[in-house]
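K.L.:
Work out the full structure: start from the sequences and follow the hints.
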Amino acid sequence: MYPANFDYQKASSVAEALAVMAANPDVKVIAGGHSLLPAMKLRLAQPPALLDVWGIEELKGIRREGDWFVVGAMTTHADVLRSELPLFPEVAYEVGDPMVRNRGTIGGSLAHADPSADYPAAALALGAEFVIRGPEGERTVPAGEMFLGMFESAVQPGELLTHVRIPATVQASAYEKFKHPASHYAIVGVAVIRDANGQIRAAYTGAGEKAERLHRLEERLNSGQPVGTGLVESATLLGDRFASPEYRAHLVDVLAERAAARV
Amino acid sequence: MNVTVTVNGKAYTRDVEPRTLLVQFLREDLGLTGTHVGCDTSQCGACTVHLNGDAVKSCTVLAVQADGMSVTTIEGMGTPADLHPLQAGFWEKHGLQCGFCTPGMIMSAAELLKHNPDPSEEEIRHHLEGNYCRCTGYHNIVLAVRQAAGALRAAALAEQAADD
Ligand SMILES: Cc1cc2nc3c(=O)[nH]c(=O)nc-3n(C[C@H](O)[C@H](O)[C@H](O)COP(=O)(O)OP(=O)(O)OC[C@H]3O[C@@H](n4cnc5c(N)ncnc54)[C@H](O)[C@@H]3O)c2cc1C
Ligand code: FES
Ligand code: FES
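Residue numbers (full-length UniProt numbering), protein chains in the order written: chain D, 1 to 263; chain U, 1 to 164.
In case anyone wonders, no lab produced these hints; they're calculated from the structure.
Ideal placement from N, C-alpha and C gives every residue a C-beta, glycine not left out.
Mixed in with the good hints, there may be bad ones.
What the hints assert, rightly or not - Computed footprint of chain D on chain U; a stretch qualifies when at least three of its residues, placed anywhere within it, have a C-beta under 8 Å from a C-beta of chain D:
hint	stretch
1	7-21
2	39-52
3	60-70
As the list claims (entries may be wrong) - Subject to a maximum C-alpha distance of 30 Å in a straight line, what follows is the list of computed BS3-like cross-link-like pairs (lysine-lysine):
hint	chain 1	residue 1	chain 2	residue 2
4	D	10	D	60
5	D	28	D	10
6	D	60	D	210
7	D	28	D	60
8	D	10	U	10
9	U	114	U	10
10	D	179	D	60
11	U	114	D	179
12	U	10	D	60
13	U	114	U	93
14	U	114	D	60
15	D	210	D	28
P.N.:
Here it is, written out as structure tokens:
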């Protein structure tokens with residue numbers, strides 16, 4: 001129940017946070033703490049020092065920049081849920097429960113790259129971009145290069161994900177999720193969008209080691225074919241005591257059918 | 001580390017280890033044992049309190065993160081002589097058996113009623129997804145929240161009439 005002990009400090013600006021991380025490579029960023037603290041309580045993680053970035057004002061809130069929304073990494077799931085963003089509010093409504101949504105952040109979820117997290121599917125389908133700052137300055141990573149593996153995103157040690165850029169105009173979007181009944185994480189989640197030019201883009205999460213685009217679904221829908229089955233090979237998926245790879249592959253087909261019917 | 005947290009309207013300063021969870025701070029440092037711990041995995045919601053007005057799981061917030069903030073616990077909702085409408089609703093509708101989940105249920109439901117004074121059964125069930133009850137089967141909990149919502153709406157109307 002108790003996490004192991006650690007040092008703790010708060011940062012009040014991105015510059016200060018980056019300086020602290022540069023001076024102490026062992027320091028771990030804490031945002032909403034809703035992935036990190038559960039892991040620390042079970043002692044699956046034992047960081048020697050935490051740097052609390054929750055209070056950094058420049059990382060909060062959502063603004064419009066031309067064709068994009070720019071979302072601060074510390075924007076909570078609850079604020080995403082109440083926002084004008086495409087697709088993300090519907091996805092946020094499915095994240096955890098109201099208490100999780102009041103603390104957890106969009107940046108924390110996307111930097112963490114939990115294979116069962118919901119947002120990665122939405123980010124891939126929408127073609128979001130990630131603004132990351134580190135000792136060498138700022139870079140922007142496209143969604144396709146963000147999720148590298150299980151709990152592995154493009155955000156490197158010493159770096160901070162500062163903003164998520166989300167295309168502002170899509171014609172339609174839908175997210176369908178089969179959730180674990182106790183944890184509420186996605187056993188499988190499928191996001192489908194129709195972009196400003198009428199093209200379908202889709203992605204799934206929960207089923208494999210990381211969220212992936214659903215290219216087969218995109219090809220079929222963009223050439224006027226039905227959704228069909230066999231959208232992903234079960235050999236590429238995860239199996240555990242909750243769902244076998246075959247069952248997850250089946251869920252991808254079923255959820256894709258439901259989401260596609262709504263766009 | 002020194003932290004100052006305003007709990008149910010009163011400011012408390014204590015010296016805590018950074019690893020102290022807010023729920024431990026409330027229960028062990030302040031002796032406010034109405035907030036319960038039902039799990040190790042941040043799932044059950046028995047520890048729900050309001051932090052700066054938002055419902056949070058106090059087992060998944062560090063006391064040091066709550067420094068300078070205000071907390072409301074079940075002890076701040078009502079007294080035995082003057083129950084909060086949610087407390088009265090749970091009593092009258094038999095919304096509890098062992099009562100272990102009840103403080104968290106009430107704090108979570110209170111946040112729902114703040115934003116949605118007349119929630120449907122479905123909205124209540126979705127909102128309480130992070131609060132587990134191992135006894136009641138939830139049916140009477142939903143009835144209790146609906147009764148409290150009605151009582152709070154009636155009280156708001158009466159207040160409005162008194163103002164006019
Ligand atoms: C009971 C429960 C149910 C949940 N259900 C779901 C669910 O259904 N779907 C879902 O998607 N998620 C779910 N979650 C996880 C939740 O969404 C977390 O909020 C989210 O995964 C992490 O965000 P955070 O702000 O809490 O990050 P933290 O826990 O603070 O951080 C997570 C990791 O990311 C790093 N990090 C955080 N922010 C940054 C940043 N800006 N830059 C660089 N690194 C950073 C941290 O160092 C840490 O390694 C659930 C959590 C709980 C406790
Ligand atoms: S004690 Fe179970 S969620 Fe906090
Ligand atoms: S009344 Fe016993 S757990 Fe809910």
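K.L.:
Decide, hint by hint, whether the structure agrees.
P.N.:
Results of checking the hints against the structure:
Coverage of a stretch by a chain is defined here by at least three residues with a beta carbon nearer than 8 Å to that chain's beta carbons; for the stretch 7-21 of chain U and chain D the count is 4, and the condition holds. Given as covered by chain D, the stretch 39-52 of chain U passes the check, having 7 residues with a CB less than 8 Å from a CB of that chain where 3 are the minimum. With a cut-off of 8 Å between beta carbons, the stretch 60-70 of chain U has 5 residues touching chain D; three or more are needed, and the interface restraint holds. Distance hint between residue 10 (chain D) and residue 60 (chain D) is fulfilled; the C-alpha atoms sit about 16 Å from each other, no more than 30 Å.
Our distance criterion of 30 Å between C-alpha atoms is met by residue 28 (chain D) and residue 10 (chain D), whose separation comes to about 12 Å. With a C-alpha separation of about 26 Å, the suggested pairing of residue 60 (chain D) with residue 210 (chain D) holds against the 30 Å cut-off. This hinted pair checks out: residue 28 (chain D) and residue 60 (chain D) have alpha carbons roughly 20 Å apart, not beyond 30 Å. In summary, the hint linking residue 10 (chain D) to residue 10 (chain U) is supported, as the alpha carbons are separated by about 24 Å, within the 30 Å threshold.
Proximity of residue 114 (chain U) to residue 10 (chain U) is assessed by CA-CA distance (about 22 Å); at most 30 Å being required, the pair is judged to hold. The straight-line distance between the Cα atoms of residue 179 (chain D) and residue 60 (chain D) is roughly 28 Å, inside the 30 Å bound, and the hint therefore holds. Of the supplied pair hints, the one linking residue 114 (chain U) and residue 179 (chain D) holds, its CA atoms being roughly 27 Å apart against a limit of 30 Å. The hinted pair formed by residue 10 (chain U) and residue 60 (chain D) meets the criterion: a straight-line CA distance of about 29 Å does not exceed 30 Å.
Among the hinted pairs, residue 114 (chain U) with residue 93 (chain U) is consistent with the structure: their alpha-carbon atoms are about 21 Å apart, no more than 30 Å. With a C-alpha separation of about 23 Å, the suggested pair residue 114 (chain U) and residue 60 (chain D) falls inside the 30 Å cut-off, and the hint holds. Among the hinted pairs, residue 210 (chain D) with residue 28 (chain D) is consistent with the structure: their alpha-carbon atoms are about 22 Å apart, no more than 30 Å.
Comparing the model with each earlier hint shows no violations; every hint is respected.
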